[in-house]
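So the sequence lines, in the order shown, correspond to chains A and B.
Residue 36 is where the first sequence starts when you use the working numbering, and the numbers rise one by one after that.
Residue 36 is where the second sequence starts when you use the working numbering, and the numbers rise one by one after that.
Some hints could be false.
Copies of the same chain are indistinguishable here, so a pair counts whether it falls within one copy or spans any two.
Here are the simulated lysine-lysine pairs, DSS-like style, with alpha carbons at most 27 Å apart [unchecked claim]:
1) K51 x K93
2) K81 x K139
3) K100 x K136
4) K81 x K109
5) K148 x K100
6) K100 x K81
7) K51 x K83
8) K109 x K80
9) K136 x K80
10) K81 x K148
11) K83 x K142
12) K83 x K109
13) K109 x K148
14) K80 x K140
15) K80 x K149
Everything labelled a hint here was simulated from the structure, so no lab data went into it.
Number of protein chains: 2
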Amino acid sequence: MAYYNKGANAERELMKSLASRGFMVVRAAGSGVNQIPCPDLLALKKGKILAFECKAWKGNYVYIKTANFESQEKFCEISGAVSLIAWKIPNHGWLFVESNKLVKKGKHYAINKKQAQANSLNLDVLAGLQETLEKK
Amino acid sequence: MAYYNKGANAERELMKSLASRGFMVVRAAGSGVNQIPCPDLLALKKGKILAFECKAWKGNYVYIKTANFESQEKFCEISGAVSLIAWKIPNHGWLFVESNKLVKKGKHYAINKKQAQANSLNLDVLAGLQETLEKK
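When you get a sec, could you build the whole thing from the sequences and use the hints?
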């Protein structure tokens with residue numbers, strides 16, 4: 036799979052984007068060290084919790100290791116967070132997909148670009164700034 | 036002021052303590068770097084959000100710089116989190132105080148040990164595991 040990993044930059048970009056929509060944003064530290072399930076980013080506003088697993092890939096699929104995926108699902112179930120995959124396709128922008136749209140394939144959960152585009156949510160809608168599901 | 040700073044250990048101890056009460060716990064990374072207001076720890080359960088500023092001090096007061104305190108207050112107001120100070124007094128245990136119990140003194144917000152003990156909340160109550168405010 037061709038890929039292009041600019042994970043850290045993408046994460047910072049997403050943080051700014053969420054902050055500009057009125058969220059308080061937390062980047063999680065040391066989740067691996069502490070063996071506690073934890074998403075990459077949390078966005079919080081008035082009790083609404085969005086949990087993001089961030090990926091920056093050029094390829095046609097995004098893959099998440101089963102252990103990481105299940106860890107995020109557990110986190111979201113217990114915390115009450117909405118579980119989201121934030122996929123940055125370099126030079127094309129972001130797709131935001133609910134994690135239940137991913138399908139288990141061997142040792143990973145995956146979604147292809149077409150399915151991700153068809154199911155992508157608008158960040159303004161997720162932020163409660165826009166009521167319809169009309170895409171930008 | 037005599038103090039005893041075991042901040043990182045205290046933070047890990049609190050994380051375990053919250054996890055054992057059914058919370059998902061997130062330690063925040065790089066809040067200073069990103070200039071985004073952010074508490075030390077977040078504990079989440081079924082949409083309930085607790086935000087902790089952690090202190091490990093031997094002294095009779097706990098102080099928080101005004102800028103940090105106001106940053107946490109802003110975070111909690113926007114996110115919908117309960118704003119808490121977790122004060123570990125080495126060899127004596129923990130006090131959990133709502134941040135509105137602290138009083139501005141010069142460049143800090145502060146509370147003394149007696150007031151903190153009188154206002155300390157039980158972690159089981161905060162976790163929703165115990166209904167009364169009866170202290171352990």
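Okay, the hints, checked on the actual structure:
no. : hint        : in the structure
1   : K51 x K93   : within (22 Å within a copy, 38 Å between copies)
2   : K81 x K139  : between (33 Å within a copy, 26 Å between copies)
3   : K100 x K136 : within (15 Å within a copy, 45 Å between copies)
4   : K81 x K109  : both (22 Å within a copy, 12 Å between copies)
5   : K148 x K100 : within (18 Å within a copy, 47 Å between copies)
6   : K100 x K81  : between (31 Å within a copy, 25 Å between copies)
7   : K51 x K83   : both (18 Å within a copy, 24 Å between copies)
8   : K109 x K80  : both (21 Å within a copy, 11 Å between copies)
9   : K136 x K80  : both (24 Å within a copy, 24 Å between copies)
10  : K81 x K148  : neither (32 Å within a copy, 32 Å between copies)
11  : K83 x K142  : neither (31 Å within a copy, 33 Å between copies)
12  : K83 x K109  : both (17 Å within a copy, 16 Å between copies)
13  : K109 x K148 : within (25 Å within a copy, 38 Å between copies)
14  : K80 x K140  : neither (34 Å within a copy, 30 Å between copies)
15  : K80 x K149  : neither (30 Å within a copy, 34 Å between copies)
In the structure shown, a violation is registered for the earlier hints numbered 10, 11, 14, 15, in ascending order.
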